[in-house]
Amino acid sequence: MDKRLRLALQAAGTVVAIGVIAIMPSVIELFGLMQLTLFAAMSVLALSLAFIWGFGGILSFGQTAFFGLGGYAYAIAAVNFQDSTPAILLAIVVPALFAAILGYFIFFGRISDVYLGVITLTVTLILFNSVNSTSGDAYKIGKALLGGFNGMPAVPTFNMPFDPSTVLSPEQSWWTTAYVLLGVFLLLRLLLALPAGRIIVAVRENEVRASLLGYDPRLVKCLTFILGGAIAGLAGALYVNWGAFVSPTIFSLSLSAEIIIWITVGGLGTLLGPIIGCVVIEYIVAYIGSQQLLNSNLVLGGVLVVFVLLLPKGIFPTARDLVMRLVPQTKPKANGPSVPSAAAPHPAGAE
Amino acid sequence: MADLVPLLKAEHLTMRFGGVVANDDITFTLQEMELRCLIGPNGAGKSTFFKTLTGQLVPTSGTIAFRGMPIAGKASHEIARMGIGIKTQVPNVFNGLSVRENIWMAVRRKATPRQQGPAVNAVLEMIRLTDYADSIVATLSHGQRQWVEIGMVLAAEPELILLDEPAAGMTDEETFHTAAIIREINQTRAIVVVEHDMEFIKQIAKRVTVFHQGRVLVEDTVDKVLADQRVRDVYLGKKVAA
Chain A
1 MDKRLRLALQ
11 AAGTVVAIGV
21 IAIMPSVIEL
31 FGLMQLTLFA
41 AMSVLALSLA
51 FIWGFGGILS
61 FGQTAFFGLG
71 GYAYAIAAVN
81 FQDSTPAILL
91 AIVVPALFAA
101 ILGYFIFFGR
111 ISDVYLGVIT
121 LTVTLILFNS
131 VNSTSGDAYK
141 IGKALLGGFN
151 GMPAVPTFNM
161 PFDPSTVLSP
171 EQSWWTTAYV
181 LLGVFLLLRL
191 LLALPAGRII
201 VAVRENEVRA
211 SLLGYDPRLV
221 KCLTFILGGA
231 IAGLAGALYV
241 NWGAFVSPTI
251 FSLSLSAEII
261 IWITVGGLGT
271 LLGPIIGCVV
281 IEYIVAYIGS
291 QQLLNSNLVL
301 GGVLVVFVLL
311 LPKGIFPTAR
321 DLVMRLVPQT
331 KPKANGPSVP
341 SAAAPHPAGA
351 E
Chain B
352 MADLVPLLKA
362 EHLTMRFGGV
372 VANDDITFTL
382 QEMELRCLIG
392 PNGAGKSTFF
402 KTLTGQLVPT
412 SGTIAFRGMP
422 IAGKASHEIA
432 RMGIGIKTQV
442 PNVFNGLSVR
452 ENIWMAVRRK
462 ATPRQQGPAV
472 NAVLEMIRLT
482 DYADSIVATL
492 SHGQRQWVEI
502 GMVLAAEPEL
512 ILLDEPAAGM
522 TDEETFHTAA
532 IIREINQTRA
542 IVVVEHDMEF
552 IKQIAKRVTV
562 FHQGRVLVED
572 TVDKVLADQR
582 VRDVYLGKKV
592 AA
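Chains as they are written, first to last, in the numbering used here: chain A, 1 to 351; chain B, 352 to 593.
The shape of chain B in the complex, shown without the other chains (with noise of 0.2 Å):
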């Protein structure tokens, strides 16, 4: 396809850890604007995807194109440079610095100074944090703290947003708003998102990607997902049966 060169593609892709496949063979191809859920159970892989797509973790073989452009085995800002961000699954943030700062931290790369304090102002007021905007991060809750991330994450104006795992040890209501800043964002960019948890999922998801024992199990629309009997045996079966 000469026409349309997808925003990423991850073609063969095999993370070893000694023993260990992480990732086996996955193929993952994103299309521009795209929203993408990754699920998949514990140990699938998920995370240490993610990783490799920016650039924490150098991929053992294969190849990553970001619009075309090689990133795999670049070094992490060099990647976040070429606009991808990323929320981790623990959080990552400056905990010892202000709620200010640290969104101050993404929006000065690309900001001038004048539009400094609009732009985080603005990611303030997204995340509902507006006023503990001088507070240490370190003195916020886990959900806050998990705010702050996504915060620094759409700050930095990335063209394409990874999430891992953005709604844990959020109350319903934080997760209802977070699907919402997803489905807002999603009208700019592209987003793939790792997630458990399935009511979020529903909410926010168009294409579902599943992932098991490091291979990509299905992809297909959100319902049929749901629907297939494979992902019901290894994913949802075991959750419901829990």
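The following block holds chain A by itself, in its conformation from the complex (with noise of 0.2 Å):
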């Protein structure tokens, strides 16, 4: 596909996604515009995981890490300034510097991949049994009890900006969510077709090559790694906005293991597809709690077996790649004999 028609695609989708958005509410009752929000939320947390493993080449176990510091750091904030504001800003910024921390030990010490996932998961682990551990009046952040395992209930949901009396409303705060996916999406698109997302991309393709080029892997990879954070920690602050509740759970492994099958279900190396990914995943869960027949950690992990199997690219990039092969056929008289004849044989590149 050539640029300029990839281009035009990307900006009409981009209409029409703002467009669905916008109308949502008018269109389908509370319950599903609430459960949308809430799958738009997750798409967040899936977004963070699919840049830092599908771009920077780094699989981190323990996404939900920055998730629920990002979740509690806006709870803690919003219970003790009564304003959502400096609260987002908050849930953004802990995340991030934890990211910076835990960064500057894993890629400047020369830690292998395989540690990486392990120190990933430990962390999630020690956070969340740490957080469990906070029952008691004696534990309290200003205004803010953190409640050990039962959480922190009534947490202040979103408000205008700068304005705590004006509380969103349930269509406002999917209008939010739902943005906020749209921006992260847009803003990580752009970031992976600036020079910075290359030198991220060339740096999952080849260390080696990277270094002896000049450019230092561990410094890229750091970065990448408190992007991520951050972007998880935004996704925390729209999941607390959501329930107007946080709790450990929201460190849990599984929710870790989760955003692993949404990108493996969706297609690595993609931003849509985790986001679709997602959406199918929790969809069929919710829809899996709702009776009684099935186990939704078995359905989960069938579906995980069967895309493995069977799609092991995930969704978005077979269904890419089908398009592609029936597409081409009329293409080249399109773009005349200026495309060379050399060009890559399959759409490879277009992770």
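It is worth saying that the hints were derived from the structure and are not from the lab.
Mixed in with the good hints, there may be bad ones.
Stated by the list, open to error - With the C-beta cut set under 10 Å, the calculated list includes, among others, these residues of chain A facing chain B:
no.: 1; residue: V201
no.: 2; residue: N206
no.: 3; residue: D216
no.: 4; residue: P217
Claimed, not checked - Far from chain B, some chain A residues (derived; all Cβ distances over 12 Å):
no.: 5; residue: L89
no.: 6; residue: D163
no.: 7; residue: E205
no.: 8; residue: S211
Note that the coordinates shown come from a computational prediction; the quantities given were computed from them, not determined experimentally.
Beta carbons: idealized from backbone N, C-alpha and C, even for Gly.
Combine the two chains into a complex, taking the hints into account.
Given below as structure tokens:
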């Protein structure tokens, strides 16, 4: 596909997305809208790992560490300030700082990929257990009681910027969450098109070559990791806003594993795929939860096995390859002879 | 010699891996603009030597100075920024990216955004891969990927170029082209080439250093080295016999 066509498609897709998000509240009822709001918040979390894993080559088993830190940072700040504006900012900054510290030791300590997985997993467990054991009046930050396993109920939800008296309605919450998702998506797309993004991908491709050309892979990976942490933290704030509640289960390992499943199912190395994977899987899980016949974890495991065996590339890349296979028969004529015949025989570079 | 600081000076360089001594007390000096060939049988320590020069390995002992600045133990990217470029023995390229992007990665460190396009095209022209500019590197042949890597090294415009078996996997015609390019870039910068192909060495070499069992065996002009009986014994002799 040539660049101009791709850009036009992306622009058209963005316009459609903006429109669909805008009219959604008048199309579906409140319950469905709340569910979509949750999916949108989770999709932001999916994007955070899609970016650092699919493009940065960093497989974090504990992306929920940043998600949870963002959620708690938001909740604690919102209870104390009674205004969501600074709370949302803290939900981005706190996980980013934590990712910076963790990333510094992981990447500058030259720790291998396997240990990166172990460390991120362990950090998530440590956070889970630490927050879990904060019941009692002794554990409070400012006015905010941490509440241990019971979590923090009645967290103030989003309000208009710097106007705590005007709390967002469920419709406004939907718009905020969905447009944040779209914004994060477009921001990552833009970043990946810029030199900085190309360098991130190049480091994933070959760290040795990148360093022999004068790039510092440790720094590049650390910055990628920090950005992923910041996005996951923002997702945490959106999640807490959705439920007005946060508990230690936000750090749970099962959620960490679920993100990896979303991406595997949706398509590693893309941004759209993980969003699709997240929505599809979360919808299935929610649907199964409403009936008694099947255990959702069993189904989730089954779905993962089917995808790894039959569609290892994931939904989105497979669909895209199918479309590309059907379309090119008509394309070359339109492009004329200016397209070199030596172009890649299959669209492997589409990631 | 206070008047002229050599481009590269390694002194008493030793690299041990456990009980194996890959480089044993190597002293090596390269002048500005010099073209040097390193030869030696497999396991002589040539690639290890290159790895210590580029920061991929930290030498067990000894010093390396690049224009008088110590570089032993520095990180690879720092050494690369000082002006040493290397084509490694096993091609190190960005397999998932296009040829153009590979070259661009090397160009963009020095060129302004406006210069980058023409600079990339010039390198593509030189390595004869203009027609393959948008191909994914993983889909190319081994020889073409060698070219991509050589192109990246040239595009970064280093002061010193290290080439580890640049002609491996190339046809005779491609090898000839490689030799021509090496002579051309030697007009402006220093090059060290590791190669097994004797015909190739004869095409380009002026001075040759022979490695054997981690040590420098001989260092002399190409004719004298090829006539040296010890060199024939350890290296050429084996090859002829085989």
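Evaluation of the provided hints:
1. V201: Nearest chain B Cβ about 7 Å off; hint holds.
2. N206: Since the shortest Cβ distance to chain B is 5 Å, the answer is holds.
3. D216: holds (5 Å)
4. P217: It holds, given that the least Cβ distance between P217(A) and chain B is near 8 Å, below 10 Å.
5. L89: Nearest chain B Cβ is 32 Å from L89(A), so the label holds.
6. D163: At about 42 Å from chain B, D163(A) clears the 12 Å cut-off, so the statement holds.
7. E205: About 4 Å separates E205(A) from the closest Cβ of chain B, which leaves it inside 12 Å; violated.
8. S211: Contrary to the label, S211(A) does not stay out of reach of chain B, its closest Cβ about 4 Å off (not over 12 Å).
The structure fails to meet hints 7 and 8 from the earlier list, while all remaining hints are met.
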